[in-house]
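Going down the list, the protein sequences come from chains A and B.
For the first sequence, my numbering gives the first residue as 34, with consecutive numbering after it.
For the second sequence, my numbering gives the first residue as -5, with consecutive numbering after it.
Hints listed in this document are in silico derivations from the structure and should not be mistaken for laboratory results.
From the three backbone atoms N, C-alpha and C, an ideal C-beta is built for every residue, glycine too.
Incorrect hints may have been included.
Partial selection, computed: residues in chain B whose CB lies under 7 Å from chain A [to be verified]:
| id | residue |
| --- | --- |
| 1 | VAL63 |
| 2 | ALA68 |
| 3 | PRO70 |
| 4 | ASN113 |
| 5 | ASP277 |
| 6 | THR284 |
| 7 | ALA402 |
| 8 | ALA404 |
| 9 | LEU414 |
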Amino acid sequence: LPAVAEPLGLGRAATPEEIAAWDVNVMPDGTGLPPGEGDVWTGDEVFAEYCASCHGDFAEGRDAWPKLAGGFGSLDKVDPVKTVGSFWPYVSTVWDYVNRSMPFGGAGNLTPDEVYAITAYILYSNDLVDEDFVLSPETWDQVEMPNVDGFIIDDRAEAEYAVWRAEPCMTDCRDAPATINRRASDVGVTPADDGTMVESPMEALLAK
Amino acid sequence: MSDGNTTRRGVLRGALAGSAALAAGRAAAESDPLITELQDWTSFGGDPITARPYGLPIRFEADVIRRNVPWLTADPVSSINFTPIHALEGTITPQGCAFERHHSGAIELAKENYRLMINGLVDQPLVFSYADLERFPRENHVYFCECAANTGMEWAGAQLNGAQFTHGMLHNMEYTGIPMRTLLQEAGLGAAGDLADKWIYVEGADASSNGRSIPMEKALDDVLVAFKANGEALRKEHGYPVRLVVPGWEGNMWVKWLRRIEVTDGPVESREETSKYTDVLEDGTARKWTWVMDAKSVITSPSPQQPITHGHGPVVITGLAWSGHGKITRVDVSKDGGMTWETARLDRGSDPKALARFYLDTEWNGEPWLLQSRAMDETGYVQPTKAALREVRGENSVYHNNCIQTWAIAADGSAENVELS
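Next up, chain A with everything else stripped away, as it sits in the complex:
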């Protein structure tokens, strides 16, 4: 670590009120949570008011908007469905992100109790809590997230760099001459210069 330079004396002290206004992140262990609570049924109502128009009445997602529930057991399948229940490792992230950045287009206006309630409802929609569950700093660690152990720290150094840092082949590098097996023109999803759209794979996926 580099030597510490002398401060220049620029800037001013941040006030506690300023820090409280901007530092709202919540850590995985719940550090940073404000007082408050919210139950599943209140969450159902708040979700219907602020969230369901994009995320669906049951957090299942509408059109191409994100699915917040479901997708269990899909992570090792083609096109995994990565939701709060199937994929997210921590409840803290749900609380933090909803509180800070949702609803889309009107972020930052939910009360702590509303955020607790919405979070409780999303957990309920994923069958992670019962319908009488009340989420608060006190009940925080009762929730078990299914995929909490589903993440590994970047292991490219061992899994890839160790193998791919080698002098590459320059001649006779393939067993047989290359042949084309996939063409972008067969997929036909590149926008034309006049702005017209060709077939959308997203629509095809949604139709399933």
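Given the coordinates of chain A, work out where chain B should sit on it, guided by the hints.
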């Protein structure tokens, strides 16, 4: 004097004979009226110097623009567009067509409304105005910013037909800014204790916040708090007035409209480092904290949006190479889908963690080509094939696709995005 072939005069005579032969091979032409007739622009005046206090490209370059792919995202406010890399040269990306990626739109934040807070495990939490930031010692560096999802649509196959779409979540600028370590030292890191296990959490002023956790070692190394790019203020859509520059690391961490830096004793595990920017492997587990962008390259011309239109003979194959691990040391080009390779010319060294331009000056006579480029960086890492990547990761990683790209060149000079077997 020895015999004529080895004298200076003999060499000269030989060279002249060669060019005479070449001249004889060129078709005779009718006189060109663009030369023989007086043209308007040679006769009349052009625009006055008062016409454009801040100019845009000439109208003939109207196709050198950002493009988007509507089906990629649910809403254009949380979406991506693409740099027209197929049409650019050199390494510096013009800001006006450099790609954008927002999670809640490009916000308008005036310098006088700008505040930067440093808090958490620091001796003195601080608030800076924009004017404060301009009084710190500053540095200039050129770095690439590549979205973690660049080439992500290509994991499952050849999908989008053009280097702009397959590789254009990328720009390269000269940044002016303050080292993050300078700002952290201004707040004082004594309160943080042992820095080895400390992190910073950075977030933007926009509704999405885009909060990300960065280990202290990187923060004190080369992270910049930047307020100029390519000589001028950041563009609104690139974080005006202040953004983070995180050399070599995935573009998501280059937090725009930077408003807060918190020193923490652990990662926040925010949405952008759990739900997003984690890479699902074939067995369903996911890598997290895949920060570095590995060595990568792409041939920008010829390419699907940049076909060969000049017929047979000399052709310039050119492209870009870059690595988050340091300098590009070599780029090889194959015309036969990877059976044989020739080493291209790196135009002028490579800055670490910045775009490098390569050329292969060669000849094409209508034969089908399966064009590929393969970058190597100063750690000895060689850009892998897509098959090699899939073997380790499967097809659901979404992010960090640095595979070798293939363009199929047809007899008519057209180019297509293809995959090989």
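Open item on the list: For the restraint on ALA402(B), tell me whether the closest CB of chain A is nearer than 7 Å.
Closed with: For ALA402(B), the interface hint holds, since the closest Cβ of chain A sits about 6 Å away, which is under 7 Å.
Open item on the list: Can you verify the interface hint for LEU414(B): is its Cβ closer than 7 Å to any Cβ in chain A?
Closed with: holds (4 Å)
Open item on the list: Quick check on ALA68(B) please, does its C-beta sit within 7 Å of some C-beta on chain A?
Closed with: holds (4 Å)
Open item on the list: Tell me if the interface restraint on PRO70(B) is satisfied: Cβ within less than 7 Å of some Cβ in chain A.
Closed with: Nearest chain A Cβ about 12 Å off; hint violated.
Open item on the list: The hint names ALA404(B) as touching chain A; please verify it with the least Cβ-Cβ distance against 7 Å.
Closed with: Violated. Min distance 11 Å.
Task: chain A contact restraint for ASP277(B) - C-beta distance below 7 Å - done: Status holds, d = 6 Å.
Task: Evaluation of the interface hint that places VAL63(B) against chain A, nearest CB under 7 Å - done: holds (6 Å)
- [ ] Would you check whether ASN113(B) satisfies its interface hint, that is, whether its CB is within less than 7 Å of any CB in chain A?
- [x] holds (5 Å)
- [ ] Mind checking the CB of THR284(B) against every CB in chain A and telling me if the closest is under 7 Å?
- [x] Hint on THR284(B): holds, closest Cβ of chain A at ~5 Å, below 7 Å.
Hints 3 and 8, counting from the list given before, are not met by this structure.
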